[in-house]
Structure formats: structure tokens, C-alpha cells
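The whole structure should be built from the sequences, with the hints applied where relevant.
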Amino acid sequence: MTKVVVNSRLCGFVHRISGERKGNIIDITVDSPCQNVCRLKHLEVPINDIFDIRDNYVMKMAQENGCSANCLAPNGILQVCWIEAGLLLQTLCDRVGCVSVDFKDE
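Residue 23 in this note's numbering sits at position 23 of the sequence shown; the count goes up by one each step and never skips.
Misleading hints may appear alongside valid ones.
In silico DSBU-like pairs for lysine-lysine, Cα to Cα no more than 35 Å straight-line [unchecked claim]:
| hint | residue 1 | residue 2 |
| --- | --- | --- |
| 1 | Lys22 | Lys41 |
| 2 | Lys104 | Lys41 |
| 3 | Lys60 | Lys41 |
| 4 | Lys3 | Lys41 |
Keep in mind that the hints were calculated from the coordinates and are not lab data.
Right, here's the structure in full:
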């Protein structure tokens with residue numbers, strides 16, 4: 001089982017996402033105070049539908065359920081899917097710990 005925390009500082013919400021591969025499905029559970037992200041609280045993501053960055057099951061569900069284009073939760077769900085599918089190494093993620101987008105003019 002993979003667990004991540006997505007801290008969406010722009011909107012102030014923290015989303016807890018967990019997932020587990022069960023055959024060709026990745027079973028996703030989302031705990032979030034956001035009413036739009038809450039609509040994604042349980043997803044059964046087909047493993048063959050996570051590869052395209054834009055045209056995939058997670059992004060379709062996020063769009064259908066009112067998540068904004070800048071919402072980080074769907075990307076967090078995809079990260080969990082990629083770890084569970086073996087496309088992203090859990091050890092690498094554990095070592096890195098956190099990724100971020102910093103709004104700075106450098």
C-alpha cells in the first residue's frame with residue numbers, strides 16, 4: 001500500500017491519498033476536506049489508463065467532479081498509481097520526501 005499527503009497550499013487543503021494494486025486495478029482512497037476532491041474518495045483506477053498525462057482515468061474523474069485545473073490532488077493520485085504499478089520507485093520517493101512548486105522570481 002502506498003500513502004501520500006498532498007499539501008495544496010494555494011487553497012489551504014491537505015489531502016491524504018492511499019492506494020493498493022489489486023490485479024489490473026489500483027484501489028484509491030482519498031481523505032480530503034475539499035468537497036470537490038471528496039467526490040474522488042474512492043476510485044478503482046484501471047492500470048492501463050494511467051500512462052497518458054492528460055487523457056487518463058484520474059484526470060477525467062477530477063474534471064467530472066469539479067476539481068480545478070490547478071488542483072494538486074489528482075496528480076497525487078496519479079503518483080500513488082505509478083508507485084503501485086511499479087513505474088515509480090517507492091524508495092526514490094522515500095529518499096526525496098517532498099516535491100514542490102515554488103512561486104519565486106529568480
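Quiz item: Which of the listed hints are broken here?
Solution: Per hint list: zero violations.
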